[in-house]
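Fit chain B to the known structure of chain A by using the hints.
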Amino acid sequence: MTAATSTVDAPRRVALLGNPNCGKTALFNLLTGSRQKVANYAGVTVERKEGRVLSPAGHSYRVLDLPGAYSLNADSADEAVTRDVLLGRLEDEDRPELLVCVTDATNLRLNLRLVLEVRQLGIPMVLALNMSDLAARRGIKVDTEKLSKLLGVPVVNTVGVQRNGAEALLATLDQMDLAALAERAPAWETPSLEDVTRTHRRVRRILAEVLDAPDTDSRYDEKIDRVIMHPVFGLLILAVVLLLMFQAVFSWAAVPMGVIEAGTGWLGEWVSGLMSDGPLRSLLVDGIIAGVGSVLIFLPQIVILFAFILALEDSGYLPRAAFLLDRFMGKVGLSGRSFIPLLSSFACAIPGIMATRVISNSRDRLTTIMIAPLMTCSARLPVYALLIGAFIPQQTVAGLFNLQGLVLFGLYVFGIVSAMFVAWVMQRLGGSLAHHPLMMELPTWRLPNLRNLLLGLYERVKIFMRRVGGIILAMMIVLWALSTYPAAPIGATGPAIDYSYAGMIGHFIQPLFAPLGFSWEICVALVPGMAAREVAVGALATVYAVSGGADEAAELGSLVAQQWSLATALALMVWYVFAPQCLPTLAVIKRETQTWRYPLLAAGYLFGMAWFAAMVTYQLAVALGAG
Amino acid sequence: MLEQLVVALIVLIAAAYSAWHICPASVRLSLVKRLQKRCQNSAVGPFMPTIARAAAVPNGACAGCAASGRCPATRAAMARANEI
Numbered sequence: 001m002t003a004a005t006s007t008v009d010a011p012r013r014v015a016l017l018g019n020p021n022c023g024k025t026a027l028f029n030l031l032t033g034s035r036q037k038v039a040n041y042a043g044v045t046v047e048r049k050e051g052r053v054l055s056p057a058g059h060s061y062r063v064l065d066l067p068g069a070y071s072l073n074a075d076s077a078d079e080a081v082t083r084d085v086l087l088g089r090l091e092d093e094d095r096p097e098l099l100v101c102v103t104d105a106t107n108l109r110l111n112l113r114l115v116l117e118v119r120q121l122g123i124p125m126v127l128a129l130n131m132s133d134l135a136a137r138r139g140i141k142v143d144t145e146k147l148s149k150l151l152g153v154p155v156v157n158t159v160g161v162q163r164n165g166a167e168a169l170l171a172t173l174d175q176m177d178l179a180a181l182a183e184r185a186p187a188w189e190t191p192s193l194e195d196v197t198r199t200h201r202r203v204r205r206i207l208a209e210v211l212d213a214p215d216t217d218s219r220y221d222e223k224i225d226r227v228i229m230h231p232v233f234g235l236l237i238l239a240v241v242l243l244l245m246f247q248a249v250f251s252w253a254a255v256p257m258g259v260i261e262a263g264t265g266w267l268g269e270w271v272s273g274l275m276s277d278g279p280l281r282s283l284l285v286d287g288i289i290a291g292v293g294s295v296l297i298f299l300p301q302i303v304i305l306f307a308f309i310l311a312l313e314d315s316g317y318l319p320r321a322a323f324l325l326d327r328f329m330g331k332v333g334l335s336g337r338s339f340i341p342l343l344s345s346f347a348c349a350i351p352g353i354m355a356t357r358v359i360s361n362s363r364d365r366l367t368t369i370m371i372a373p374l375m376t377c378s379a380r381l382p383v384y385a386l387l388i389g390a391f392i393p394q395q396t397v398a399g400l401f402n403l404q405g406l407v408l409f410g411l412y413v414f415g416i417v418s419a420m421f422v423a424w425v426m427q428r429l430g431g432s433l434a435h436h437p438l439m440m441e442l443p444t445w446r447l448p449n450l451r452n453l454l455l456g457l458y459e460r461v462k463i464f465m466r467r468v469g470g471i472i473l474a475m476m477i478v479l480w481a482l483s484t485y486p487a488a489p490i491g492a493t494g495p496a497i498d499y500s501y502a503g504m505i506g507h508f509i510q511p512l513f514a515p516l517g518f519s520w521e522i523c524v525a526l527v528p529g530m531a532a533r534e535v536a537v538g539a540l541a542t543v544y545a546v547s548g549g550a551d552e553a554a555e556l557g558s559l560v561a562q563q564w565s566l567a568t569a570l571a572l573m574v575w576y577v578f579a580p581q582c583l584p585t586l587a588v589i590k591r592e593t594q595t596w597r598y599p600l601l602a603a604g605y606l607f608g609m610a611w612f613a614a615m616v617t618y619q620l621a622v623a624l625g626a627g
Numbered sequence: 628m629l630e631q632l633v634v635a636l637i638v639l640i641a642a643a644y645s646a647w648h649i650c651p652a653s654v655r656l657s658l659v660k661r662l663q664k665r666c667q668n669s670a671v672g673p674f675m676p677t678i679a680r681a682a683a684v685p686n687g688a689c690a691g692c693a694a695s696g697r698c699p700a701t702r703a704a705m706a707r708a709n710e711i
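The listed protein sequences derive, respectively, from chains A and B. Mind the numbering: the first sequence is residues 1 to 627 in the numbering used here, read in order. Mind the numbering: the second sequence is residues 628 to 711 in the numbering used here, read in order.
The shape of chain A in the complex, shown without the other chains (with noise of 0.2 Å):
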């Protein structure tokens, strides 16, 4: 692969590469505009990713992200990423043209082993010295002349979270001569030991010339690392933090959730009396509104959820937390590493999946693909908020927590607890239980940056409506045809659905359910819910609608708590913290394994444990008297 010198017309090809957690992301959205997912951990990007932006000077530049590297000695497959983009060893990736290698100003003892590694390609590269505010506010100084000097590259300071931190870089790339440009790809050697050694000594006695700090002892971060890293009152602070956010949830949103009740129910009840009784009638009130409208009602509660985990994900306490159940990991024979997949899965598993690259072990990585669609994606939270507001009393327990953010906090630890014991079995099957010491850079700590929490909060809000107005209305639509035609026939003496196609398919697979006291009406919310898991829930209100009129429409909760006993919506709960139907997430596992086998597997042992589990439930709580 050859190098293309740029012209006025073709952009630059500039990369962004740096140690993990130094702000890469941070820069990359700032100077392109985009709105990538970032972090205060590392690990956070996986993969390359792409943006355009135009400098005050009318040049055009490509800007990658690259995944962070300690070393172009690639451990893992994101690092191996950021080495075969910057060789040029990728088929379909132009080797970058310049290279701004970012640091963290405030850690630069273990950035400039990587900068002096990149600074042997030959490839023209620029220093961006980020969180320069944060070097500045405890009193760092880098005598950025001398290091520019010492380096032989320019330096600038960059604030990758602030308006114009990029200014100064964009002016420097604008500066750059790409002559110097090599038409053959860079060579490069994995060091020896010697080598490391050498880069080690030679970062100090740079340091030594340009780095003016204070004594780290006296830093706030430790301080708190004292206490929220304690092993038993982390432990404890850990809980508190959870239980807060889970009864959030709940106390917090019911106002907003009421406003899109009311909205809903009035828009129904508006749209019948505004048309004449007929089938464009049912689909708009029964079909669309009932549908849509019920699964719309949980988005305060996902934003809430979401606002609690962006900011303790930007604060810096997440990856404390990693280390904090390290202990428990390390016990089912998982590494540490596996936390920040597992973590992302909450969100959805998907990218969780796709975020196990960064495990270095075949194995690890192979278990925690396995074990990541039981952590408790967003798309669950409609359901088990549904059966939650349903069938939960609210009320307070011991004066100050509410059972229903109780049950929920249990319903997501149960998740946890069943992936660490699938964990512990599969190692225990492929003969590893050995535990792997988590090597994780910790952030420092910081107040959680008010424009990343809004991007975030803005980013998951956009998702979920995109969902709404996409895929579960689509299905909303195409499951009230099926629960409305054909119309029952003349004489018939049941409900109308019941001889529908709708109900032809959940009364035919109703019988597989019987034990877990699922009823037809459950079952035909399972299919759809495939697509996405949300749709069940708006597949349940568009069932109830058609075959129990508009009134129904709007009050899916109240419904079900009639017609469900206790035993059967525990045991739907259940069954959704193992719920294998999300077929994008199997599609998912396919494309990360390369082979059909595992997502097969995942998609088998989670039916049988959703069915045994959910089975079980309903069969004791039938047994306790609540059927």
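Just so you know, not all the hints are guaranteed correct.
[Stated by the list, open to error] Derived DEER-like restraints, expressed as beta-carbon distance ranges:
1. B:671 - A:33: 44 to 54 Å
2. A:620 - B:654: 12 to 22 Å
3. A:33 - B:676: 24 to 34 Å
4. B:676 - A:596: 49 to 59 Å
5. B:646 - A:189: 43 to 53 Å
6. B:669 - A:488: 37 to 47 Å
7. B:671 - A:54: 31 to 41 Å
8. A:258 - B:654: 51 to 61 Å
9. B:657 - A:505: 27 to 37 Å
10. B:660 - A:171: 46 to 56 Å
[Claimed, not checked] If we take Cβ atoms under 10 Å as the criterion, some of the chain A residues that face chain B in the derived model are:
11. 228
12. 231
13. 235
14. 471
15. 476
16. 480
Honestly, the hints are just simulated from the structure, not real lab data. Heads up, the beta-carbon is just placed ideally off N, CA and C, and yes, glycines get one too.
Chain B only, in chain A's frame:
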């Protein structure tokens, strides 16, 4: 009668969209490729490249996420779409 027709049309569009959305990108692309041969000289012909590019975009649960559009699988699918 007109009302029945409108409802049937809405349901058909929703069913087609659902099927399109659930299908993996590779299946959609091969379908578009087969269609292309038949529709080359029809009115749909000029729109086939656009349809192919839309078929290559993943529609999974994280489809709306800004991070999902640049994965290697998507790039490979896009390269195949560009052949059409």
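Out of the numbered hints, which ones does the structure contradict? The structure conflicts with hints 1, 2, 4, 8, 11, 12 and 13, although it agrees with all the remaining ones.
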